[in-house]
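Peer 1: Model the full assembly from the supplied sequences, consistent with the hints where possible.
What follows is the residue order along each chain.
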Amino acid sequence: MRKSVVLTLTLALLLGLSASGAAAQEKPRYGGVLNWYVYADPGRLDIHAESPLSVQQALAGVYSSLLHYDPDDPTKITGDLAERWTVSPDGKAYTFHLRKGVKWHDGQPFSAADVKATFDRVLNPNFQSPRCGSMLKPLVASVEMLDPHTVQFQLKFPAAPFVSSVASAWCRVAAKHILEKYGDLTRPEAQIGTGPFKFKRYERDSVIEWEKNKDYFIPGLPYLDGVKQFVLKGVPTQVAAAKAGRIVLWDTWPPMKKTEADEVKRARGEEVEIYQSPLNTIMLVYMHTQKPPFNNPDLRKAVNLAIDRQELVAKTLEGAGVPCAMLDPKLVGDFALPLEEVNKLPGCRQPKDQDIAEAKRLVEKHYPNGVDVEAAVRSVGGYIDRAQLVLAQLRKIGIRGTLKTYESAAGFAVYGKGDFIFIAIQDRAMVTGDPSDVFGLIYTTGSGSNWGRWSDPKVDELADRGLKEQNREKRRQIYHELQRHLLTQDTTAVSVGWIEGWFFRDKRVRNYKVSPTIYDHNTFMKVWLAQ
Amino acid sequence: MANRAGLAIGMGRDARAEPARVASSARGVLHVLGRFAVRQPLGAIGGLIVLVLIVAAIFAPLLAPYGAKDATFAQYLPPSAEFPMGTDQIGRDILSRVVWGARLSLYVGLVSVAFGITLGALWGIITAYFGGLADSASQRVVDVLMALPPIVLALSLMAALGQSVNNVIMALAILLTPTAARTLRSVALSIKESPYVEAARAAGCSHWRIIFLHVLPNSFATYIVLFTVNISYAIVVEAALSFLGLGVPPDEPSWGGMLTAGTQAMETAPWMIWFPGLAISLTVFGLNLLGDAIRDVTDPRLRGGLG
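Sequences listed follow chains A and B, in order. Everything in the first sequence is counted per the numbering used here, starting at -8 for the first residue and increasing by one. Everything in the second sequence is counted per the numbering used here, starting at 1085 for the first residue and increasing by one.
Where hints are given, some of them may not hold.
Computed from the model, here is a short list of chain B residues facing chain A with C-beta under 10 Å [stated by the list, open to error]:
{"id": "1", "residue": "K1153"}
{"id": "2", "residue": "Y1160"}
{"id": "3", "residue": "G1246"}
{"id": "4", "residue": "P1333"}
{"id": "5", "residue": "M1350"}
Simulated restraints on C-beta separations [unchecked claim]:
{"id": "6", "chain 1": "A", "residue 1": "R257", "chain 2": "B", "residue 2": "R1123", "range": "48 to 56 Å"}
{"id": "7", "chain 1": "A", "residue 1": "Q281", "chain 2": "B", "residue 2": "N1250", "range": "23 to 31 Å"}
{"id": "8", "chain 1": "B", "residue 1": "A1165", "chain 2": "A", "residue 2": "K282", "range": "44 to 52 Å"}
No lab work stands behind these hints, which were simulated from the structure alone. For glycine and all other residues, C-beta sits at the position ideal for the given N, C-alpha and C.
Peer 2: Shown next as structure tokens:
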């Protein structure tokens, strides 16, 4: 009996192995349109000037970058438009040798002039570029075209995150002639790239469609005839589409909660693969530091103390997240301050009684009868629920918030202009896997998502030192000091925690590999659909 | 208490006679209500439901076990002795939100109808009285407003005005005005031709005196019916706007907003839609029954008298 069980198990294992081996060697199938969704209408489509994931998702397969995360192994960075690159011995000059014979979707030839035009645009001090510009401006001194197929970046100092920044999907190369023709990349007709797909159709609030680029510079790719992204707003709609099989992939923001993933699993059974993963995304509560009442450091400190990160993660993400952390140890390892230390800091520690009493005292000191604030929130994903919980927490210390909801793109416009007092909740996804990201995107003076106009010389100084430091251990120490400082200061943005979630993939979707950031695996360059 | 009331009311008059008069008038009211209940039993049930709504709205701070925005409990708790209607997606007591929601619904319903119907009534009566070009022109404006589907008009107004309780009231008032203007105009047109208005005119009364002392009071029955019937309409539209995410801000305890939140967890926590849904249905049912009964009572063709 026992022997037969062992035999059966061995046979099953062998069969399983041969099946998985067959799957690995499966010949990719050409054709088919992949349907998935985007959580909001992207609105303005300028990939260099905007920062929402919806914009990135709408354009990911249309453009190419100098470097990119390898579609076969997204933990590695390889050449995309650059065939290869070299670094000078002092680590300050990067030379990129470009592919030849690449054509833009309108038939024009691609050259180093396009690369220079792109990065001159992004690095222009007068051009607001919240992602690519925010990352590269502190690092890059100049970009020179050495010949029609070679460009050289001169760095201000040897910078560790340069390669991952250039490889970011936000640093896509745009056509010089298109920039000259339209002035920017906002309009649908300006979406001329060199990517595996052409931008075919954009119907506001409805659908974004790509079609196969038959002249793509990698012969034989892409496999798909096209990609359709339906604009599905609201988690119930998204879950309903997933359950009905209208979308074949959910690897985007917002992630599903466990109960939603279970619903999809129940409806689709073995047709789908469900998995849990971090999103490299931090959840934040923003205060405008130049406007009352949060121009008062005491009020910011009170909010920092009162926000119950553990409750927010437990209730709104069903516990899938790392509360309070300024850096997620799962993503950046020991660059993150140990969670044991983080969870003992005021504002993060449990129980909250002592911190709430102190926060209340700080508010009463300036506003004995409490204070009313307008709390902005974008009505996408689970933001409305999270925002209501934040306001419920702040009501305990005398800050009475009234929610003002914005449609996705309108909200970003308001935040970018600083036209708010308080943002009840907002996620920010990182652009690279480097620990410097969160500081350079959110906390340094003038950074792309420092919407609350905060400026702290110590933060700027530490962030700058972190970028320049080549010694890993010293760099780790700098980032630890920076995290301690931010977690105990009256910052503009309270770190609620790093979010995780659940996703699904229809098993017919093949060769879809997840990258370290949420932005870098949506080109579908090598993805194919099985029968 | 009755004595003190009697003393206060009776100052300068025969104080001893007052308690008896108060008692007899109270008896009179009870008698009228009793006859109303006998003749309009459905109306009486409606009235009872509306009474419960009013009590809930007025005494919400006493009746609701917790604050409407307190999110201190576990999420998605099913109905139990501690939380008779369960808790919602962020851990708020649904019973408390339903009770506070009664206040919001009634406030929005009453204020928007008071503004909308009164404005419409004045518009209809004044233009009907003066007639001529102003009347024709204003009726075309009414035509335009009535040609727009109400929910589309309300959504557009909310999108333009932004989400707040006062903006919902304003949008609803704008929605209700044309109906009231059209209805009261037709009533005023017939009153305008009546002999007592002619007599007033012959006696040299001014136009405004005739409008405010003759036409307006005689349109009052229609006004009251419109008022009661439209409260339920306003409550439903507010719930619909909040359900669609364009009504009151999401953390306000609106029944419509609670329904929206409930749809996200329909399979796992259906009680999140049961109770606000029930509250909306019962309220509308009650107000409609009461409105119909009041219409029947005030309609001379159906009136059998209550005295």
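Peer 1: May I ask you to test the hint 48 to 56 Å on the CB atoms belonging to A:R257 and B:R1123?
Peer 2: Roughly 55 Å apart at Cβ, these two residues keep to the hinted range, so it holds.
Peer 1: Hint check: is the beta carbon of B:M1350 less than 10 Å from a beta carbon of chain A?
Peer 2: holds (8 Å)
Peer 1: Using the nearest Cβ pair, does B:P1333 come within less than 10 Å of chain A?
Peer 2: OK, holds: B:P1333 within 10 Å of chain A, min 4 Å.
Peer 1: For the hint on B:Y1160, just tell me whether its beta-carbon gets within less than 10 Å of chain A.
Peer 2: holds (9 Å)
Peer 1: Does the closest beta carbon of chain A sit nearer than 10 Å to the beta carbon of B:K1153?
Peer 2: OK, holds: B:K1153 within 10 Å of chain A, min 5 Å.
Peer 1: Mind checking the hinted window 23 to 31 Å against the Cβ distance between A:Q281 and B:N1250?
Peer 2: holds (28 Å)
Peer 1: Minimum Cβ distance from B:G1246 to chain A below 10 Å?
Peer 2: At about 7 Å, which falls below the 10 Å cut-off, the nearest Cβ of chain A leaves the hint on B:G1246 intact, so it holds.
Peer 1: Is the distance from the Cβ of B:A1165 to the Cβ of A:K282 consistent with 44 to 52 Å?
Peer 2: At 46 Å between Cβs, range holds.
Violation of the numbered hints given earlier is absent; every hint is satisfied by the structure.
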